[in-house]
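Asks: Join the two chains, each given in its own frame, into one complex according to the hints.
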Amino acid sequence: MKIQLKVNGQAKALDVPEDMPLLWALRDELNLKGTKFGCGVSQCGACTVHVNGVATRSCATKAAAAQGAEITTIEGLSPDGTHALQRAWEELDVPQCGYCQAGQIMAAAALLAKNAKPTDADIDTAMSRNICRCATYHRIRAAIHRAAEIKSSPASVGAPAAKSPGGSL
Amino acid sequence: MNSSSPVSRRDFLRVSTIAGGGILLASYVEPLSALERYAPVAGAGPLADPALSAFVRITPDGIVTIMSKNPEVGQGIKTMLPMLIAEELDVDWKNVRIEQAPFDPTKFQSQFAGGSTATPTNYLPMRRVGAAGRAMLVAAAATKMGVPASELTTSLGVVRHAASGKSMTYGELATDAAAVPAPDLATMKLKDPKDFKIVGTRVKGVDNKAIVTGKPIFGIDVTVPGMLYAMYHKSPVFGSKVASVDLTAIKAMPGVRHAFVVEGNEAGGLTGLMPGVAIVADSWWQAKSARAKLDVKWAANPTSAQSTAAFNTQAAALAKSEPQRSLRKDGDPDAAMQGAKVVNASYYYPFISHAQLEPMNCTAHFKDDKLEMWAPTQNPAPGRQLVARVLGIKEEAITVNLVRGGGGFGRRLTNDFMVEAAAIAKQVGVPVKLLWTREDDMQHDFYRPAGYHNFAGAVDTSGKVVAWKNHFVSFGEGQNFANSASMGPGEFPARFVPNYALGASVMPLGFPTGPLRAPGSNGISFAAQGFIDELAVAAGKDPLQFRLDLLAQEQVAPTPPNAQQPVPVPPAGQQAPVQAGFDGARMRGVLEMVRDVSGWGKTALPKGTGMGVAFHFSHRGYFAEVVQATVSKAGVLKIDKVWAVGDVGSEIINPSGAEAQVQGSVLDGLAQALAQEITFANGQTEQSNFNTYRLLRSNQVPPVEVHWKKTTFPPTGIGEPALPPAIPALVNAIHAATGKRIRSLPLSKQDLKWA
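Protein chains in written order, with this note's numbering: chain A, 1 to 169; chain B, 1 to 755.
For reference, chain B alone in the conformation it holds in the complex (with noise of 0.2 Å):
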């Protein structure tokens, strides 16, 4: 939060009547703000009109319909936002309405679905929309009713007035309102949480009665009249152009229409399309079948030299070596290493793949130089460009419509699939959907890249972190990270312990990379907080205990959240900025209330048997969580419980969508270490499906329970920040149980046996 600008975002509300009855209310925002806030964008200039955040509309039948504008990709931000709204127009829920917005930049100022960035973003700004309706409907009762606006009360739905006992509804009033001019933003008085009668409660996802009953609602169940079904194969070597391809054949298969080489746009490129050869037919089946035909001839590309094992060895190298830059030093942690225990250790995590259950899919039809799309995609700004850019029209030609995405967990924030479509539809000239098999999804991903980190720690003779040196083997060229592969320099235990060092060495990728639920923190926290476990076994401490005296130790205070203003959005595309650092009490809070509801060490375990801690701040928030497991002698793992407390700030706005999140992200954590690794061999990746890809299945699935420890922080997202824990919970569980030191995912890989 920049400071020196208090006053540079303002909302105001433009309020207008609706054929036929009723008030329509849109609140912009100014175009200054967001933009001013972030590192500029090369070509992002001002966007033209005021950006609509919030659009609601009051029918004379008393109905409530408000817009969502973010992607749904199961994160339940179409529950969630108009849940705000509702609670300070003082509605009864029933009577709400809720549809999804079309991708709209001229109108909306952002429209995204990552970093656990909507709730900080929108939890005032959504809260004063509701208030100004309800202020605009009680001044157009003082008028009706011929009382002071002060004498008269809301609730679920109706203006009452006490004295006189009379009431009018909303929708009796809403034509009315519409006449009333449209108070300031910034002003409205907003509810004493204690009030709350929507926001905090269990309030059920609004498509789940669809979903339940099969309803179309899916990028992949769009279907639009005359429409054609494509297939595109890309070289299993990424990026690899077509050398030469017969298509002859392939066109005369039953039900093909079309099948023709796609150049790409960036010889070798992995960031725009990729070449391939699209296949169009009557039916996606005779797509497949005819293409299970094919035979290309790819152009030689230096990815095929690329493999895992050959990674391996090259960080095993670069680990012996210097690290090619520093990213941070404080102190002298060689010299504060003298005399005291030190640790050495290296950790690993492999590739993974997002997996979302809905292979990639996108619905295009191009006609008279106009291109309308279905994407279910997390981010359509970025798509849309990268749609124009590649096909040579203008984004003002691109409509997006946006689809509910089968998961999202940061795959469909990368918009390969979007212009794909385009591609293929633009050649064809009418509408055609555009699906990827699993074996597609699998092996053309965005993965969550490997990362590598060379430990050394020290403790003194009474048990406090005085050296901590990490030396993190990644990848990327130069002084740049592959996308989702970097570090920064704040991350924990920078600024608690007095002597640290940080430093970075890069290997070049020939794969494509890019962001996975918590990215970063879903592998740093496994490396870190394994780590942490060995030095309070050195120093002879309980981890727990020992966790604790580290979080007192900090150094630096952190930027404190201002609780008066909103997260500004990040531009469509870019991460939110890292923030100072979090702050030691709070998690520290979090921690000591794991321990309570977990009962770490109050009761003796049995050899097999062990508790492992674990904590991490990510995306504002802050998660500590302990997990019990068991391991047999013979080294079969059964996880018997995880507990998870997380401070997201002073409200958890819909506690059912909440404890959703947290018990998924535990889960998908746990389902990562125990069996997820993509490998590559000849620059192709090794795995394909799910009987090679293992996501975790009903028989594996422990108790999670979930807690919540109320701050007075202002409330922040909660898609991400669950799972990073998890992952080194398990493995210091392991530890525990087994004496057994993890330092290398997937278990499924480890020996867990023990005697």
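Here chain A stands alone, though its shape is the one from the complex (with noise of 0.2 Å):
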């Protein structure tokens, strides 16, 4: 069916089958391959994007069903990759295999979004749905606080980490 999604602030015009999902129209059909697929059942949330700034597992979306509404994926969440959460992903050296972290990212910047100051366990529970299986999720931790940080104090940018996280020495 054809059909018409507005993703990163752009309208796209697509041909899909009626029942497929938003994560293949993205990755398959406008080649946004930062969206990744893991389980295809909700249960990892690689395929995490915004609908309407909501975090949305995007494998279980049909696409057909997001049409008019706001789409952002990880190519959108900033123009140029300097997103709070992007910059302290980098700075805190969050990723190891880096396939969820697209993922981990969309849904940190949907908690950011409402809330501005996280403490640990409204990340750790914003947080649950999306799985590391390298386990960075210290480090997410951290680049969470520290994003909220870059975001209250643009001028922090750039200063080293004072400590790893985790509790490492």
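Derived from the structure by calculation, the hints contain no laboratory data. Do not take every clue at face value.
Claimed, not checked - Examples of chain B residues lying across from chain A (beta carbon under 10 Å, computed): (1) Glu358; (2) Leu667; (3) Val701; (4) Pro703.
Glycine residues also receive a C-beta, built at the ideal position from the N, C-alpha and C atoms.
Replies: So this is what it looks like as structure tokens:
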């Protein structure tokens, strides 16, 4: 079926099967490969995008159902990769394999939009739907705190992290 | 290390100029050493040409480009190996660019990711290449400036002459340096580690920017013009052939271009191309939708009689008999048990799945008798051999591009996904991307095998371990263990207990198995270190002190590693050789340190909270870990904290990457212990996705404190050895907290309630 999607601020016309999930419309029809496939059943969060600002599992959302909504993917989170979360992720060297990280960042962005200063508990709850098989969880949490700090005080960007996350010495 | 061949390996440099200016350094290894040191591989002749081990380009703009030869699956090798070259070259890391090398065994000696081997095999060779490059740049500067080379210093890519105040950048010197005779790598003077500026600092992953901005760098992201999408439907019972299927309706479905039966290369075989039905469509979703309508009749298969329940019954029966064979016997354990305090216990760990987050995939294009592949593999050499064999084409006709893998953990050492993509691509003649579903991935893994350890141990009146027997029940045929289901005769506490017996019995297995992060060790450590805790209780000793005492009982000294020689790379596809055994003194070092940093025994913990300790030696690395856990009376477990201490030699090359590997390995172990289990019924895997096979989530993660015990030994790898002790440290903590001894995993199936 012919549908119209608004992705990262741009209107896109597609002709896709009516049951095609948004994930595959983004990846294979619009060539936005940043959103990842991990489970297909809303369990891992690798496919997280924003639909009207809400963190949404694109593997379990039909593309057709997302018509008329503002869809944001990792490619559209910031024009040049300098969203506070992207900076913090780089600064704290979060990724190992990196496969889940786009989904983690999108989930974290939705959290920060609602809660500018999340606690550890806020983060652990909000992020518990996103699996990191490499278990970079300590650094994800630290990077979300760091991003909150960058957002409230942009001048601090580039300052070295005071200490490594996860209690390491 | 073979001490009878002191100069069995020689690295040398080839130097050339680059069109447009600059220098290209390529270091080669003579093709004699690595192959000689290992058991000969059938059909593996010496390499035709010297093997390229490093590749560095310096252009007039001062940019240093280093080729990274090994596959990257999250272990950080693409960042770490170039750091070694850049350190000795003395350049600013900001001016270093990394390129992923293609798979090319005519140039590179070894390109694989496994066994935590990259650090020990590359630590010296990579540094020597950097040092040689620096020496040539200095020589070129000496000529240009008309001063002796001995008066020149380097720093951050600049050569300086202090007396005259002259300086030149590497970029300015690169073209001239290419005319300097290449020095002998073996005589290169290396930096004193105290002068390191890059090695030992926290260097961030070179692909971080691409990752956080969603660039298409993974196997699943590969796009080739004109590409179609494939699914491959295999029998849920492993290896069954297609008995009958009607593909007429499938071929008529929207977007479907091809649907065909693939015979597979060996009936019932689990290591080549398994039989199945391929569906190729304009989009992956269309292929998947068509697959949902498939109705395949599978041929009868004896594996359908196998199940976890049947294995458990069979293992229990085998445990009651004598071992089918002896793997090691020292002294007389039965005699030593007379009059001593004897403990008997049986431990079990289940099959588990790799569950790397990126499902198996591979893109392939067959055209004009040539095949090009884009493969997120950890082990491209046997992958290409397999494809060549199954497709009946020459290896030279196959090009393999290495693409980043979304997690490896050993799954990508097995290249079933490559041969499936190749077989489909050959049939359809256009580029094809094969992508598995998560269900395919979990139900067609090469699983970490289950294991059954039946122990008897004895302590004397002084609390000393005098006898240790283990009847290991595993999988295999006759004298052969199934892949990664073996146990070596050197496994601890061999050499530490005077009366020691290790025997094994095996059961036939119709399910494919393979290495999973710290293979063997990830299960054996749980069993052995749990049983050691039981012996400590029987001896009435503190479990940590009991271990220190046991480690002091070393009977035969280990073979010390040779600090002057790099560890040789095993031929692709082979595991590194088992070393003579670990050094009890090094393990005592990490155990003492973890005692101190964790405050072991210093704090009175309330009932329901306890600390457990364990250690394990694997992949040349020494790790001791303490877990503190709290169990509610209702049996709800919370892991409070983990302390991990590692001895991987004299240098932590990239502390950021190393610490991440330790934290990830520890949490990987804890996740396995908490809830992970693959079970089989009727020859099929019962779990299919993350709702039935549970990975660790953010709200379950304890702090993991990482400490390094630096020693004078050569640096070794860190991708695996921190995993094994996390599991027994946790179950030992549960015992300390509740008095409950856990001998079977996962914990989700255990009743942890206490009163």
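Asks: Indicate, hint by hint, whether the structure satisfies it.
Replies: Consistency of the hints with the structure:
Look at Glu358 of chain B: its Cβ gets to within about 5 Å of chain A, closer than 10 Å, so that hint holds up. Contact between Leu667 of chain B and chain A, as hinted, is supported at the beta carbon level, the nearest pair being about 4 Å apart and thus within 10 Å. Interface restraint check for Val701 of chain B: the shortest CB-CB distance to chain A comes to about 4 Å, inside 10 Å, so the restraint holds. Using the Cβ-Cβ criterion of 10 Å, the hint placing Pro703 of chain B at the interface with chain A is satisfied: the shortest such distance is roughly 4 Å.
Comparing the model with each earlier hint shows no violations; every hint is respected.
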